[in-house]
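**Q** Residue strings, one per chain:
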Amino acid sequence: MLIDSYRFLPRSFQPMYANAQPVEGETEAVWAPFEKRLADARIALVTSAGLSLSGEQDPFDLARERSEPTWGDPSFRVLPHALAGRELAMSHLHVNNTDVLADHNIALPTDVLDDVVADGAVASAAPRHFSVMGYQESGVRAWREETGPAIVELLRDDRVDGVVLAPV
Amino acid sequence: MPVLARRIEGAGIATVVATMMPQTAVELMAPRVVGVEFPFGHPFGMPGDRVMQRAVLDSALRVLAGASAFGTRVDVDLEWPQPRGEAYKSWQPPEPSPIVARLLAGRGGT
Numbered sequence: 001m002l003i004d005s006y007r008f009l010p011r012s013f014q015p016m017y018a019n020a021q022p023v024e025g026e027t028e029a030v031w032a033p034f035e036k037r038l039a040d041a042r043i044a045l046v047t048s049a050g051l052s053l054s055g056e057q058d059p060f061d062l063a064r065e066r067s068e069p070t071w072g073d074p075s076f077r078v079l080p081h082a083l084a085g086r087e088l089a090m091s092h093l094h095v096n097n098t099d100v101l102a103d104h105n106i107a108l109p110t111d112v113l114d115d116v117v118a119d120g121a122v123a124s125a126a127p128r129h130f131s132v133m134g135y136q137e138s139g140v141r142a143w144r145e146e147t148g149p150a151i152v153e154l155l156r157d158d159r160v161d162g163v164v165l166a167p168v
Numbered sequence: 169m170p171v172l173a174r175r176i177e178g179a180g181i182a183t184v185v186a187t188m189m190p191q192t193a194v195e196l197m198a199p200r201v202v203g204v205e206f207p208f209g210h211p212f213g214m215p216g217d218r219v220m221q222r223a224v225l226d227s228a229l230r231v232l233a234g235a236s237a238f239g240t241r242v243d244v245d246l247e248w249p250q251p252r253g254e255a256y257k258s259w260q261p262p263e264p265s266p267i268v269a270r271l272l273a274g275r276g277g278t
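Chains as they are written, first to last, in this note's numbering: chain Z, 1 to 168; chain C, 169 to 278.
In short, the hints are calculated from the structure, not lab data. Note that CB positions come from ideal geometry on N, CA and C, so glycine has one too. Take every hint as true, because none was put in to throw you off.
For the chain Z half of the interface with chain C, some residues (derived, Cβ under 8 Å), not all of them:
#1 Ile3
#2 Val30
#3 Ala107
#4 Gly162
#5 Val163
Using the sequences provided together with the hints, build the complete structure.
**A** Rendered as structure tokens:
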């Protein structure tokens, strides 16, 4: 089956998403074979929910986005896999934040990944995951040149075999 | 998000993008894509619904490990449990985002 991506969206959103064009320099296929069995693999998560650790990390810069509507904060936050007892803040002006703050697993499924690991389907969860803020127009360049390479370095340090990324 | 997936994939680490907009992710050249027919803000499903969240994560992991070629897209056959009208309203932010507010203002809307 093919899903209907516009089922829950205002009709005015269709032109913003239809026939998306890759940015310059991102038009070629890129492929890393997944060579292990999942049961031997370590998995990391990336969310675009704009999550940060409340009181421990700076939130994403929403003030600048409010004054420059085509700008989105291109930085990232490192989140520990163990989030029990930590409070998350969400910086995202494009969705209602209530449900993610009620259960972060709908955007960053750390507890669900624990269940998968407990069942033996995956060997381990990475010790840290990553959050960016999804809304990027002028910030895409910084994602390519700074945020992406910085996240890659940390994934390599953690010996991650595969990454599940979820835009919100 | 496909841009970040491509950076990570290009460094030799396999990726999958789980998204409400799978066609867009394919067009933006994400290597592996899993689609869900859910409202924005909910890529793994309903808060508190661990069965639904697990079904999406399991699908993403299967595609991550099992896809054999660039551009693989698999959509998840799960129906959003809320009525459409309710879900249409509840994902939207309390006030329009800055870019949507600008577009609406440019159009003479409110």
